[in-house]
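Protein chains in written order, with the working numbering: chain A, 1 to 337; chain B, 1001 to 1223.
Don't take each hint at face value.
What follows is a list of derived Cβ distance ranges for each label pair [as the list claims (entries may be wrong)]:
| hint | chain 1 | residue 1 | chain 2 | residue 2 | range |
| --- | --- | --- | --- | --- | --- |
| 1 | B | K1084 | A | L158 | 39 to 47 Å |
| 2 | A | I230 | B | L1112 | 26 to 34 Å |
| 3 | B | L1107 | A | L64 | 31 to 39 Å |
Derived coverage of chain B by chain A (criterion: at least 3 residues anywhere in the stretch with Cβ under 8 Å from a Cβ of chain A; other residues may be distant) [claimed, not checked]:
| hint | region |
| --- | --- |
| 4 | 1047-1059 |
| 5 | 1067-1073 |
30 Å max Cα-Cα, derived BS3-like pairs, lysine-lysine [claimed, not checked]:
| hint | chain 1 | residue 1 | chain 2 | residue 2 |
| --- | --- | --- | --- | --- |
| 6 | B | K1008 | A | K133 |
| 7 | A | K50 | B | K1084 |
| 8 | B | K1187 | A | K133 |
Hints are computed from structural coordinates only; laboratory data are not their basis. Here the structure is a predicted model, which means the values were calculated and not measured. Think of the CB as a built atom: it goes at the ideal place given N, C-alpha and C, for glycine as much as any other residue.
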Amino acid sequence: MILHPTVIANLLAAYIGSGMVLYAVFYGVQILRHWDIQSGHELQLVLERKTYLISTLLSYVFGLQLLSLFLYIFTADSLTPLFVGAMCAAGTLNVDSFGYPTLVLKIFNFILAGLWLVLNYADNQGYDYPLIKKKYLLLAVVAPFILLETILESAYFLSMKADVITSCCGSLFSSERVTGIGSEIASLPALPMMWIFYSTMFCTLLCGIFFYMKGLGGYLYAALSLLMFIISLVSIVSFISLYIYELPTHHCPFCIIMEEYNYIGYLLYILLFGAVVSGIGVGALLPFRQVESLQAMLGGFIRNLALTSVILYAAFTAMVSYEIVSSSLVIAYEVVY
Amino acid sequence: MIELVNVKKVFNAGNPSEFSALNSVNLFIEENQVTVLKGPSGSGKTTLLSIVGCMSRPSAGRVKLQGREITSLPERFLTDIRRKTFGFIFQQPNLIKGISVLDNVMLPAYPLGEKRSHLKIKAMKGLCELNIANKAASKVEWLSGGEAQRASIVRALINDPHIIIADEPTAHLDTKLSYRFMEIIEKFKAEGKTVIITSHDPLVYESTMVDRVVKLRDGQIED
Chain A
1 MILHPTVIAN LLAAYIGSGM VLYAVFYGVQ ILRHWDIQSG HELQLVLERK
51 TYLISTLLSY VFGLQLLSLF LYIFTADSLT PLFVGAMCAA GTLNVDSFGY
101 PTLVLKIFNF ILAGLWLVLN YADNQGYDYP LIKKKYLLLA VVAPFILLET
151 ILESAYFLSM KADVITSCCG SLFSSERVTG IGSEIASLPA LPMMWIFYST
201 MFCTLLCGIF FYMKGLGGYL YAALSLLMFI ISLVSIVSFI SLYIYELPTH
251 HCPFCIIMEE YNYIGYLLYI LLFGAVVSGI GVGALLPFRQ VESLQAMLGG
301 FIRNLALTSV ILYAAFTAMV SYEIVSSSLV IAYEVVY
Chain B
1001 MIELVNVKKV FNAGNPSEFS ALNSVNLFIE ENQVTVLKGP SGSGKTTLLS
1051 IVGCMSRPSA GRVKLQGREI TSLPERFLTD IRRKTFGFIF QQPNLIKGIS
1101 VLDNVMLPAY PLGEKRSHLK IKAMKGLCEL NIANKAASKV EWLSGGEAQR
1151 ASIVRALIND PHIIIADEPT AHLDTKLSYR FMEIIEKFKA EGKTVIITSH
1201 DPLVYESTMV DRVVKLRDGQ IED
């Protein structure tokens, strides 16, 4: 293990978060088993009081979970000078076999935690805890992944050794390599990917605006926002990074978070992750529009979520377009390096 | 109007100092009536009143207000009900020192966002009705005991509540002021309000305007 302040911060955040999630799951299971709003039994009243504590606690834990993704990437980036061969977070994450699985799990948990926060907010607006069982069911689904993430993250940081020679991002995200998902994405043709990105984004934004104005097509928007999230991540590797680095061969999705590129990667990722969580949140809440105690507010909240998602995706597209337009790189033909 | 179903309240549950203040209380309080909860000290009167007034939650059981179950409500909904439905008159006036009588009276209405000018008119009207309008600008520490009690009554009425809850209101009043207080209660009744009072003062529970006396002992209702 490398005793670096950011490593300690990551591990502490993971252990505190997991401990609190375990505590919440204990009461969550009781709520799932014994909750009966009609009952005046002592246990029911205890659970009603406990749910305030748990939902407040989980709001902070999942808020921390959202931040921990960026802290993890920042840590990987700041540890780069310690490993031979590492040029950015991509290399640091490759120093052992747990770095990338942890990252994937953190992305997955970011979306689940975001969805839980959306569901919790909606539930708190109703006078009769309308979504309580749903949100604790979701917690029961999220909890194992949070715990698994903590185990993988611990394994990653604890098995880190400074004398390891790792690969640089140029090698991991190279269109010349034949194996590895990073290289496969990097080798996707840039210009067709650009067309796919802009056309899908156009459809997504159109669908989002239509839903915001007419209240129709919410599920479609939720699906499109998830699809757009995946396409955007692929696009960052495939062509967006090329314009930011102004190099036709550099596809790294991590170098963009560095100071040399004005930390633009953080902004792009925050916009993207915010957009997907609010976009999927639309689909997650749509089935509950007819719940009596939520009828007055849920429609407006869902529309606001859709609008937030649309604005974030539009801002992401604007940032990407600015980088492309202001870049010295011109891709006039297929990159074959 | 208010229904208590099997209400229990236990303090320090699970500790050696555990104390059961209310034991399976079932009670129905009619609308537009004056109900007095009578009983010795420690009988559970104030605990019951605080549960009825949404100031505390029972350990078990349910409370229904106009047919709607309110004990399970999340805190912010309960606050809204407490603010709009109940007016509280306490044993002590509990006025805030350092500010005027008028400001004290208007204070519970601030969270509702009513226009200050409207609020001021309403507060002055209330102070006029209880003959303390001339003290509106005075600081509360300058008031006599009776004036302070009347100011607290006007404060309890500022949000026009349907239900007035008074906890031992005459405990610190002399006989003359206690009679004056009961006259005010009679006026509330005439206006259609429901009044719930806890008291072990005969002047209160023997009053002709009281519709029902509920006797409490050891956390239970006596038949």
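Status of the hints after comparison with the structure:
Remark: the range hint 39 to 47 Å for K1084 (chain B) to L158 (chain A) is contradicted by a beta-carbon distance near 57 Å. For I230 (chain A) and L1112 (chain B), the Cβ-Cβ distance of about 48 Å falls outside the hinted range of 26 to 34 Å, so the restraint is violated. Look at L1107 (chain B) against L64 (chain A): about 38 Å separates their beta carbons, and that is inside 31 to 39 Å. As drawn, the region 1047-1059 of chain B meets chain A at 3 residues by the rule of a beta-carbon pair under 8 Å; at three or more, the given contact holds.
Only when three residues or more bring their CB closer than 8 Å to a CB of chain A does the claim for the region 1067-1073 of chain B stand; here the count is 3, and the claim holds. Of the supplied pair hints, the one linking K1008 (chain B) and K133 (chain A) holds, its CA atoms being roughly 26 Å apart against a limit of 30 Å. As the CA atoms of K50 (chain A) and K1084 (chain B) are separated by approximately 26 Å, the hinted pair is consistent with the 30 Å bound. Restraint check for K1187 (chain B) and K133 (chain A): the C-alpha separation of about 48 Å exceeds 30 Å, so the hint is violated.
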